[in-house]
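Trainee: Listed below, chain by chain, are the residues.
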Amino acid sequence: MNRYFPLVALVFFAAVPLWLQDQYYLHTLVVAGIFMLAAMSLNLLLGYTGQLSLGHVAFFGIGAYVSALTSLGFDVTVFGRQISVEPWPPFLGLLLGMATAGLCGYLIGKLAFRVRGAYFVIVTISFAEVVRLVALNWVDLTNGPLALPGIPPLTLGFEWTGYVTLWGKAENYYVVLVFIALAYLLMKRLVQSPYGRAMIALRENETLAVSVGVSVTKYLVLAAVVSGAVAGLAGGLYAHYIQIIDPMIFMFLNTVTMVIIVITGGKGTLAGPVVGGLIFGLAPVFLRNYVGPEVQWILYGCLMILIVFILPQGIVPEIERWFNRAKPDRRNDAAGQEGSSVLALARSGRANH
Amino acid sequence: MLEIRGLVCRYGKVTALDGISLTVPEKKLVVLVGANGAGKSTTLRAISGLVPAASGQVIFNGEDITGMSASSILAKGIAHCPEGRRVFGQMTVLENLEIGAYLRKDTREIAADRDRVLSLFPRLAERRRQVAGTLSGGEQQMLAIGRSMMSRPKLIMFDEPSLGLAPNIVEQTFSIIQGIREAGTTVMMVEQNAFAALDMCDYAYLLEAGSMVLEGDGKELISNPHVREAYLGVTAHA
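Protein chains in written order, with the numbering used here: chain F, 1 to 353; chain C, 1 to 238.
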């Protein structure tokens, strides 16, 4: 049941636009999905390597700006040299934004993982602030506070097939859904590989991990690159979906949202950011009929505190525990039996010597 | 097999090791005894590349390994079983063992070694899917020992294997270490439980305030008046 659950969830969410025609609800789901994607990327760092990036919005914003700028085209003068870029197809822009954010992940990783823990938190916050100031003040390139309007929506297709432009909510919903599924698979493959095992070992006990031969910088930088790239992808999707971005995208609040999603859902679990993203993405829809936005934020705060107190591991690990208690895992028993026969073999082998 | 020449280690301005030299011959059990803060753990950490050496040399099988990274030293065949029965608390017993073989690529052999370790420690076999943090102290120590065997080391270094364990578990731990040595792996051990350690070893060194003050075979050190007084709690004329 556990194994097929992600697939069932995917099928369910793929069917949603078939019965849900309300554009506002679809829009909420698309934005929730984009933040879910960003939270998934943060979860790799926070949940699996144990490093808290409080500047994660920087990768998101870089992805958004690079993708937006390359698909709009720009003229800018750097050190007296004029650089002109013709508009690129939005999908290439999206990939370029992802690559740039991944590259920033590499640089930040190289730089910041020399100092871990609290210092890493500070470096990431400063990084996000620097990027925000660049976006705000480099008016020639980014339009500064006047924002970058008219970002083209994503287009699908190739030269020989013709292009389809994704104007509608449902189309964008599917694009986001596909990327979430891909990111989920990527994270699953990564954390269940020896690489992921090494990251978890580093989180658990760094000295011990080093003593079994795990290279600290290598895996932390790898996690930062993948995390940065996926956050950049989420930012790019956001830019092409909302079609206008300004330096407000680098708001600290956006990072906090991602952290809340990860912690509520359950850091260090694959499904955690998805569950957390759904809760915090959809909560405004249900709450807005009853209370104003100011009260909503207070409620989120209370919810967050409650969850940290009652479910310190997050929602997903708690549900998993509940499931395991309700139903003893048959697979484990079978493996235990097979294991004991191996043991018996080993013992008899010993006796024969 | 392992030779240390004039090793100096510093933590900031504090000199932890002030030019020590020692030799660990192949297939022997060598013990390093000394009081708290004498530099025993630092010696092991310097050998396995976890602390840099300020000067001096560490030579393993004729090769100078001073200044190499921890992972390449492990790959050369030196495993370090750190102090305080360190295990990865959130990982299962099996995962802990598997990560011990982290640098190895021979999947099939790893599985065979894992089963061998589990057959050595039946308690671990019973709890193979249990999260390591929920094991008892003795079981965690067994797991830490088992994990360091998973890299197929030529030399295993144990740091205070008896620390915080019940007396019968201490005995069991020491007999496992004896077993490892008898199976042909060279062992170096740091121990505060001086009597038991000196009794079981082939050769011993006594470290005091970062300097080597005595060496000899175990029995010799046990009968040394200074050792008796300072480490075994026996007065010289008793």
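Just so you know, the hints here were simulated from the structure itself, not pulled from any lab data. There may be inaccurate statements among the hints.
Straight-line distance between alpha carbons at most 25 Å, and here's what the computed BS3-like set of lysine-lysine pairs gives [said to hold, decoys possible]:
| hint | chain 1 | residue 1 | chain 2 | residue 2 |
| --- | --- | --- | --- | --- |
| 1 | F | Lys218 | C | Lys27 |
| 2 | C | Lys105 | F | Lys188 |
| 3 | C | Lys76 | F | Lys218 |
| 4 | C | Lys13 | C | Lys154 |
Trainee: Keeping to a limit of 25 Å between CA atoms, is the pair of Lys76 (chain C) and Lys218 (chain F) held or broken?
Mentor: holds (20 Å)
Trainee: Holds or violated: Lys13 (chain C) and Lys154 (chain C), Cα atoms, limit 25 Å.
Mentor: It is violated: about 34 Å lies between the C-alpha atoms, which goes past 25 Å.
Trainee: Regarding the pair Lys105 (chain C) and Lys188 (chain F), is the alpha-carbon distance no greater than 25 Å?
Mentor: Between Lys105 (chain C) and Lys188 (chain F) the Cα gap is close to 21 Å, so the pair holds against 25 Å.
Trainee: Are the Cα positions of Lys218 (chain F) and Lys27 (chain C) separated by 25 Å at most?
Mentor: violated (35 Å)
Hint check: violations occur at hints 1 and 4; the rest are consistent with the structure.
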